[in-house]
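Student: These protein sequences, in sequence, are chains A and B.
Numbering follows our numbering, in which position 2 of the first sequence is assigned residue number 145; successive positions increment by one, without gaps.
Numbering follows our numbering, in which position 321 of the second sequence is assigned residue number 309; successive positions increment by one, without gaps.
Calculated from the structure, these hints are not laboratory results.
Because the structure is a prediction, the values reported are computed rather than measured.
All clues stand as given, with none of them false.
Over 10 Å on every C-beta distance to chain B, these chain A residues come out as not near it, computed from the model:
#1 K153
#2 D235
#3 Y237
#4 N238
#5 K246
#6 Q255
#7 L256
Have a look at the derived ranges for each label pair, beta carbon to beta carbon:
#8 A:I219 / B:L350: 51 to 57 Å
#9 B:D150 / A:S228: 41 to 47 Å
#10 B:L350 / A:S228: 31 to 37 Å
#11 A:E220 / B:L350: 48 to 54 Å
#12 A:T266 / B:F149: 47 to 53 Å
#13 B:S351 / A:E196: 49 to 55 Å
#14 B:L350 / A:E196: 50 to 56 Å
#15 A:S228 / B:Q249: 56 to 62 Å
#16 B:L349 / A:T206: 26 to 32 Å
#17 A:D209 / B:D289: 27 to 33 Å
#18 A:E187 / B:K282: 26 to 32 Å
Stretch-level coverage of chain A by chain B, calculated; a stretch enters the list once three of its residues show a Cβ under 8 Å from a Cβ in chain B:
#19 179 to 189
#20 204 to 215
Quick reminder that beta carbons are idealized off the backbone N, C-alpha and C, glycines included.
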Amino acid sequence: MDHKKFKFTKDHEWLNLQEDLAIVGITDYAQSQLGDIVFVEMPELSSKLTASESFGAIEAVKTVADLFAPVSGKVIEINENLDTSPDLINSDPYNKGWIVKLKINNNDEINQLMNYDEYQEFTLDN
Amino acid sequence: MKSKKTPLYRNHIELNAKMVDFAGYQMPIQYKGIKEEHNHVRSSAGLFDVSHMGEIIVSGNKAEDFLDRMLINDVKKIQTWDAQYSAMCNENGGIIDDLIVYRYPEHYMLVVNASNIQKNFDWLIANKDDHVDIFNLSEKINIVAIQGPASRIILSKLIDFDLSKLEFYKFMETPFSGKIITISRTGYTGELGYEIYAGDDQIIKIWNDILNIGDGKVFPAGLGCRDTLRMEMNYPLYGNDLNEKTNPIEAGLSWITKLNQREFVGSNRINMFKKNYTNKSVCLEMIDKGIPRKDYSIKLDNIEIGHITSGTYSPSLSKGIAIGLINKDLAVIGSVLDVEIRNKKMKCKIVKPPFYKNGTLLS
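Okay, chain A solo, but in the shape it has when bound:
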């Protein structure tokens, strides 16, 4: 899947939308800023997330970053490979480094998100 078709948040997360499902990860820009990722704190399966609230954390060697829910929804799958290989987020952030799959509550929240070109511009401004 081409990540240029994904949606993006100001917290440097991406969403791959498939009807009412969204696969969520962090962007290549975010992983390069964090450096070597060593641990991902995941939400519980079936937990309900509220848009822009913290649902987990990414630990890099030097620093930790909160994961913020890009939209409200229910966690229906987590990437269990990250438990043993959190560095998949560094090596393949848009594919094997996905973090959670959500069932979206409210499609209106998606309209708040950036497209690829808008996100590129956003990271340049930062």
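Add chain B to chain A, keeping to what the hints say.
Tutor: Below, chain B without anything else, positioned relative to chain A:
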């Protein structure tokens, strides 16, 4: 204030380093990645630019007596060409800085932390008398450190001296590219290694020569892995584990605090602390997954007993490690405690230092 650049700034940019502002200097935090650089230092060698650190020269016929009064370690014990780890305290026994003293034939050099250069200099000036001269040469002297088991073989190719004769915490001077440079058997990684002190032209040349002659055995290494390497050895970092509110006894610096028949600035208070202190520095290894960080709370049965002063992921142990300051009565090797990480209690245990036990430091 605009941050300063070391003479190696352009080299770091050409090597694609990620640069950060550290103590007012633009410094490389990493080149290829912290884990890769860390592992390369442990298995082969890494080259660090630590030119941001400060150098203060103390000379004059009363220099030894003066430093004996200013420093917690016994400077009278060291000979010419010896280095000594030490610290300077205020009247309350709080740590102004930790440092290394080098005894040259005609003067002493104090190597201090970059963030404390002016504070150290001002404190020394305020306490000196007419028989002592103090110069801040931090802008003139640069440092690169080559660290790792392959460091001796690589550096030997560049200088005309048998480095196997240079013992731990000894140093020497040698000609290099038309000037005299200093090479000392010191470091902050727990591996065999050398620190090289030189002016701008010589530091750039030796940096390039080491990387060229190293033939892949030596990688440039950034401040990121410098921190993970020192953490694995339980070496304290000023600003984290040491500060003006901690005294050398609780901070784990008793081994360099020489109180017998000596009086130095802060010694009265430190003598009192020694009889009656409440906290102790301990090494903590995570049992649960999670990375401990500075200022996280340490608990036992839901009661706070201390806090983390430095924490990181350990690339050698593949787990979280930390230095913590806790109630000394609870500082027992093997005890299981909780670290509060984002409102969750994560189990850790007190271990005997250092975390990493296979360093080549003394080889």
